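Top to bottom, those sequences are chains A and B.
Residue 207 is where the first sequence starts when you use our numbering, and the numbers rise one by one after that.
Residue -1 is where the second sequence starts when you use our numbering, and the numbers rise one by one after that.
In short, the hints are calculated from the structure, not lab data.
Do not take every clue at face value.
What the hints assert, rightly or not - Derived lysine-lysine pairs resembling BS3-like cross-links, with alpha carbons at most 27 Å apart:
hint	chain 1	residue 1	chain 2	residue 2
1	B	117	A	288
2	B	19	A	280
3	A	288	B	101
4	A	281	B	19
5	A	293	B	80
6	B	26	A	288
7	B	72	A	280
8	B	101	A	301
9	A	281	B	26
10	B	26	A	293
11	B	131	A	281
Bear in mind that the values here come from a model prediction, so they are computed numbers and not experimental data.
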Amino acid sequence: MILKDIKELLNAEIICGEEHLDINIEFAGGSDMMSDVLAFGQPGILLLTGLSNSQSVRTADIIEAKAIIYVRGKKPDDVGIKLAEEKNIPLLSTKYMMYTSCGILYFEGLPGVQKSQE
Amino acid sequence: MANSDFELSERFEISGGDFSKAGSISTKIKEILQEIGIDSSIIRRAAIASYEAEMNAVMYADRGTIILNITPKKLHLKLEDKGPGIDDIEMAMQEGFSTATDKMREMGFGAGMGLPNIKRNADRFAITSTLGKGTTLDIIFCLNQTEKK
């Protein structure tokens, strides 16, 4: 699924990385706990989170996530945005809550992390 | 690595409680490993382990150091912190056990996954701790396939 299509499905706003909207996303995972993300995340993941501080971007970089969708209308701080720009990680924000955001993407055929590993 | 005799040693200082820079050392370590051409799967495991260890030191310790040592055979991350230490290491190694504060959880950490996640990603892992003094982690990744755990 192309990130641009994910943006449309979630009616998301681009925070940074508009030039990367054509990247292909193969699976996703959602959590507000970065320790969980570090444990289950896989390279290439689309990360959905409500954690809006710079640790979300730091974690995405460490696990080699392709992009971050902030749920519940959250937006990262300036430190996070600057880091995302340095690391070429597109950031988007949707007003949908975590459950709804994940549900929409799963319904449209984007699997979770585990499923992509099966 | 292109040069089989390649060796590298770098030391990084961690400031306890400084959440604004938390994780920046691990980002730097990841960049160094990429620059010298370490295998990408090892870089990823080392970056995750380093990040978890760095966050633990930022959250719990007064200060700490991470020493990165690379030889042709292994990548060694040694974290030493000056802090409260760990009362029950066996308990701390269990997934889900946490003594995190609300502030730590607000940062996205404190789920009780840190130490188990470090051990899971490392080829070899050792932890020692003295109450009231601090904790030392030895996190080793084998660069030679035959020496992996």
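Tested hints:
Proposed proximity of residue 117 of chain B and residue 288 of chain A is contradicted: the alpha carbons are some 31 Å apart, above 27 Å. With a C-alpha separation of about 21 Å, the suggested pairing of residue 19 of chain B with residue 280 of chain A holds against the 27 Å cut-off. Taking the CA atoms of residue 288 of chain A and residue 101 of chain B, the gap is about 23 Å. The hint holds against a cut of 27 Å. Taking the CA atoms of residue 281 of chain A and residue 19 of chain B, the gap is about 19 Å. The hint holds against a cut of 27 Å.
For the hint linking residue 293 of chain A to residue 80 of chain B, the alpha-carbon distance of about 32 Å lies beyond 27 Å, and the restraint is violated. Pair hint residue 26 of chain B plus residue 288 of chain A holds up; C-alpha atoms about 16 Å apart against a cutoff of 27 Å. In summary, the hint linking residue 72 of chain B to residue 280 of chain A is not supported, as the alpha carbons are separated by about 41 Å, beyond the 27 Å threshold. Straight-line distance between C-alpha atoms of residue 101 of chain B and residue 301 of chain A comes to about 25 Å, which keeps the hinted pair within the 27 Å bound.
A distance of roughly 25 Å separates the Cα atoms of residue 281 of chain A and residue 26 of chain B; the hinted pair therefore holds under the 27 Å criterion. For the proposed pair residue 26 of chain B and residue 293 of chain A, the alpha carbon gap of about 12 Å is at most 27 Å, so the pair holds. Of the pairs offered as hints, the one joining residue 131 of chain B and residue 281 of chain A is violated, with about 39 Å between alpha carbons and a cut-off of 27 Å exceeded.
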